[in-house]
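J.: Could you put the whole structure together from the sequences, leaning on the hints where they help?
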Amino acid sequence: MFEAKIDASMLRECIESITAIVDEGKLRIAEDGLKLWAVDPANVAMVSFALQSDAFDDFRFAAKDAESSAEVEVEGTTESKAETEIGIDFVKLLGILGIGGREEVELELDEHAQKLFTRMGSLAYTISLLDPSSLRKEPKVPELEFPVQVIIETEEFRRTIRAAEKIGDHIVLGVDGEVFYMEAEGEMEKLRLGLRKEQLIHLTPGTLHSLYSLDYISAMSKGMSHAKNITLNLGKDYPLQIEFEVAEGKGKVNYLVAPRIESE
Amino acid sequence: MFEAKIDASMLRECIESITAIVDEGKLRIAEDGLKLWAVDPANVAMVSFALQSDAFDDFRFAAKDAESSAEVEVEGTTESKAETEIGIDFVKLLGILGIGGREEVELELDEHAQKLFTRMGSLAYTISLLDPSSLRKEPKVPELEFPVQVIIETEEFRRTIRAAEKIGDHIVLGVDGEVFYMEAEGEMEKLRLGLRKEQLIHLTPGTLHSLYSLDYISAMSKGMSHAKNITLNLGKDYPLQIEFEVAEGKGKVNYLVAPRIESE
Amino acid sequence: MFEAKIDASMLRECIESITAIVDEGKLRIAEDGLKLWAVDPANVAMVSFALQSDAFDDFRFAAKDAESSAEVEVEGTTESKAETEIGIDFVKLLGILGIGGREEVELELDEHAQKLFTRMGSLAYTISLLDPSSLRKEPKVPELEFPVQVIIETEEFRRTIRAAEKIGDHIVLGVDGEVFYMEAEGEMEKLRLGLRKEQLIHLTPGTLHSLYSLDYISAMSKGMSHAKNITLNLGKDYPLQIEFEVAEGKGKVNYLVAPRIESE
Numbered sequence: 001m002f003e004a005k006i007d008a009s010m011l012r013e014c015i016e017s018i019t020a021i022v023d024e025g026k027l028r029i030a031e032d033g034l035k036l037w038a039v040d041p042a043n044v045a046m047v048s049f050a051l052q053s054d055a056f057d058d059f060r061f062a063a064k065d066a067e068s069s070a071e072v073e074v075e076g077t078t079e080s081k082a083e084t085e086i087g088i089d090f091v092k093l094l095g096i097l098g099i100g101g102r103e104e105v106e107l108e109l110d111e112h113a114q115k116l117f118t119r120m121g122s123l124a125y126t127i128s129l130l131d132p133s134s135l136r137k138e139p140k141v142p143e144l145e146f147p148v149q150v151i152i153e154t155e156e157f158r159r160t161i162r163a164a165e166k167i168g169d170h171i172v173l174g175v176d177g178e179v180f181y182m183e184a185e186g187e188m189e190k191l192r193l194g195l196r197k198e199q200l201i202h203l204t205p206g207t208l209h210s211l212y213s214l215d216y217i218s219a220m221s222k223g224m225s226h227a228k229n230i231t232l233n234l235g236k237d238y239p240l241q242i243e244f245e246v247a248e249g250k251g252k253v254n255y256l257v258a259p260r261i262e263s264e
Numbered sequence: 001m002f003e004a005k006i007d008a009s010m011l012r013e014c015i016e017s018i019t020a021i022v023d024e025g026k027l028r029i030a031e032d033g034l035k036l037w038a039v040d041p042a043n044v045a046m047v048s049f050a051l052q053s054d055a056f057d058d059f060r061f062a063a064k065d066a067e068s069s070a071e072v073e074v075e076g077t078t079e080s081k082a083e084t085e086i087g088i089d090f091v092k093l094l095g096i097l098g099i100g101g102r103e104e105v106e107l108e109l110d111e112h113a114q115k116l117f118t119r120m121g122s123l124a125y126t127i128s129l130l131d132p133s134s135l136r137k138e139p140k141v142p143e144l145e146f147p148v149q150v151i152i153e154t155e156e157f158r159r160t161i162r163a164a165e166k167i168g169d170h171i172v173l174g175v176d177g178e179v180f181y182m183e184a185e186g187e188m189e190k191l192r193l194g195l196r197k198e199q200l201i202h203l204t205p206g207t208l209h210s211l212y213s214l215d216y217i218s219a220m221s222k223g224m225s226h227a228k229n230i231t232l233n234l235g236k237d238y239p240l241q242i243e244f245e246v247a248e249g250k251g252k253v254n255y256l257v258a259p260r261i262e263s264e
Numbered sequence: 001m002f003e004a005k006i007d008a009s010m011l012r013e014c015i016e017s018i019t020a021i022v023d024e025g026k027l028r029i030a031e032d033g034l035k036l037w038a039v040d041p042a043n044v045a046m047v048s049f050a051l052q053s054d055a056f057d058d059f060r061f062a063a064k065d066a067e068s069s070a071e072v073e074v075e076g077t078t079e080s081k082a083e084t085e086i087g088i089d090f091v092k093l094l095g096i097l098g099i100g101g102r103e104e105v106e107l108e109l110d111e112h113a114q115k116l117f118t119r120m121g122s123l124a125y126t127i128s129l130l131d132p133s134s135l136r137k138e139p140k141v142p143e144l145e146f147p148v149q150v151i152i153e154t155e156e157f158r159r160t161i162r163a164a165e166k167i168g169d170h171i172v173l174g175v176d177g178e179v180f181y182m183e184a185e186g187e188m189e190k191l192r193l194g195l196r197k198e199q200l201i202h203l204t205p206g207t208l209h210s211l212y213s214l215d216y217i218s219a220m221s222k223g224m225s226h227a228k229n230i231t232l233n234l235g236k237d238y239p240l241q242i243e244f245e246v247a248e249g250k251g252k253v254n255y256l257v258a259p260r261i262e263s264e
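Residue numbers (this note's numbering), protein chains in the order written: chain H, 1 to 264; chain F, 1 to 264; chain B, 1 to 264.
No lab work stands behind these hints: they were computed from the structure. Bear in mind that the values here come from a model prediction, so they are computed numbers and not experimental data. Glycine included, C-beta positions come from ideal geometry on N, C-alpha and C. Just to be clear, a hint being listed does not mean it is correct.
To be verified - Listed next, the in silico DSS-like pairs over lysine-lysine satisfying Cα-Cα at most 25 angstroms (straight line):
| hint | chain 1 | residue 1 | chain 2 | residue 2 |
| --- | --- | --- | --- | --- |
| 1 | B | Lys92 | H | Lys166 |
| 2 | F | Lys92 | F | Lys166 |
| 3 | H | Lys190 | B | Lys5 |
| 4 | B | Lys64 | H | Lys166 |
| 5 | H | Lys26 | F | Lys92 |
| 6 | F | Lys166 | H | Lys115 |
| 7 | H | Lys166 | B | Lys115 |
| 8 | B | Lys26 | F | Lys115 |
| 9 | B | Lys166 | F | Lys92 |
| 10 | B | Lys92 | F | Lys92 |
| 11 | F | Lys166 | H | Lys5 |
| 12 | B | Lys35 | F | Lys92 |
| 13 | F | Lys190 | H | Lys5 |
| 14 | H | Lys26 | F | Lys190 |
| 15 | H | Lys115 | F | Lys26 |
| 16 | B | Lys26 | H | Lys190 |
| 17 | B | Lys190 | F | Lys5 |
| 18 | F | Lys26 | B | Lys190 |
| 19 | B | Lys5 | F | Lys5 |
| 20 | B | Lys5 | B | Lys35 |
| 21 | H | Lys222 | B | Lys92 |
| 22 | B | Lys5 | B | Lys64 |
| 23 | F | Lys166 | H | Lys222 |
Claimed, not checked - Partner residues are not named here, just some residues of chain B that face chain H (Cβ under 7 angstroms, in silico):
| hint | residue |
| --- | --- |
| 24 | Ser53 |
| 25 | Ile99 |
| 26 | Gln114 |
| 27 | Phe117 |
| 28 | Ser122 |
| 29 | Leu123 |
| 30 | Ala124 |
| 31 | Ile127 |
| 32 | Pro239 |
T.: Structure, rendered in structure tokens:
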């Protein structure tokens, strides 16, 4: 049993952060909220998403039966954590949420019929769930250690990505001492954003950089449009992790994108 | 002789309600105003349009000669009603009216040269008339009786149509007791707007529904965008009639669309 | 040596007036400002552009060496005028200036590396210069005498061009006594803007007209969008010259377009 109410624009913001990476995925529903992690079809980018139950105006959940609960080791003790997993086509769901003028969304899961009911005022929308076994397996979240962390205003980051899109297909993110930089290069052009520590919210000084495919960073850039700040975790020729909050701090999104080899 | 002046946005609104169904048509001009009725090329939808002469800031009309007048029986008496019929490409005319910054439009008909002169401030636009005999015949307006009438806010209707466009190709309109509903179904999705009598401006209770092609309803939905409310006349597996006012109540538009057979 | 600072939107406005005609061109830098003249690839339209050094918040220039200076005869005396010529892809430069949120642009020329550095806040953009010898030669500015001059509000002109685009491929500009007119004709339609002397800022009375390709006039119409008024210099079957100011009067743009032969 899952029934919940949430602000429509808050739900939209959450789903947009997911559809930046994948069209569909397995959403895990538990007493404490929603969770998802998924990789893109090319295995280059990953999204982890979590939304606390208190982001909802109303949130009721009860696991169907023992089958759907799992043994999870939490802080040294083994306890049973009830969880329901549903497969959702987020792009379709987002399309309907995009129809303006509705302020609150009610969600209701029919596990038996494998449908998710959505009610927005007098408009009822039902979407069939996807069979979770037909979806890509959830990725193993890699254990990564990032020597450098940068916290930057989202708009500064996004503006630079928009400019970089006009220049080339790749982008370098790096730090050089106390400066964070983003660089894109075309045949005739070169673009560089350079921000000193004092122009950032946070910077771990260092000397390293990595190259990424701009396609993925651009997609992520759209998914983060509602967040005020983003945290970039960086290494040398290493994956990039981008973390930000959604739903007024009650949701967390974590993107991971693999580096590209620099040809030189 | 026909000469008239009208507010440009009012004229645009009128023509948009026509071009939702047909690109061109025969406009009948008489002392009491303008009239048109036409079917779309596929014979699925029909528009009837009437604009009173007092919607105009100035309206002068005199029939050219006896040929163009017709014997019409009005309220039991037979009187001669003078009328001029002209063929107009409304899409072309609308294109020019769409150029912003002009507030009043002067119209002048040159029956001899078969041209319509349009003046918007210092901009003069002349369009050649179409030979009425080359246009599709005006349809016979069918005599229909609608068991159910629903009056609804246009924006509620249009928002549902926009959502339905994302789901499928057809839409059901119906009443179930004291509820009016609109339903669209896709392979994985179902959308339903349900409005109780008290959420509507008017509802005749009943139990019936019909299926329509969404293409036509979408087109009509664009043509009604300036009206505050629309009246839906409904039957069981029956044509849908949509009525609304244009030009601040001085014009009336009436759409009719044939039902589709439900395959089941 | 060339270093300068300028308001970003002012620079954008200048470059837009150039890219209306050419994608790339030779920009001449001298102590008193910037200059460019160029023809479009089809040799139908020409742009002359000049921006005074005092349009810049800061402007420093020194010619590299004797090679790049030229003997120019100015008002009867022969003096040496130092000048540097650089080839720029204006479309690429404009793309980056279009990224919002930057208020001032710093320009710096590296003549040795043949690069132009651009700095907008913390965003640095470098564009490689084009070899001036690889660009089309600057046109000889023809000596023309225009019997008629018309000064008109830019928006009135642009609105008419937008309307004319819906009608046909050509446009006639002319004067008939004390009336300036613009005319476009399609198969079924005719559009005419007619403005009497008192509706214009200036008009030389006369009787003449010329026909132009609308493609070029439309492009020019986009390049002039920031100017309040434009000056049209006209003749009979003669080139059209359009002059207007940019950068708050500190820049001047001059378009020239060849007439088309009227087929009759």
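J.: Please list, smallest to largest, the hint numbers that this structure does not respect.
T.: 2, 4, 5, 8, 10, 12, 15, 19, 24, 26, 27, 32
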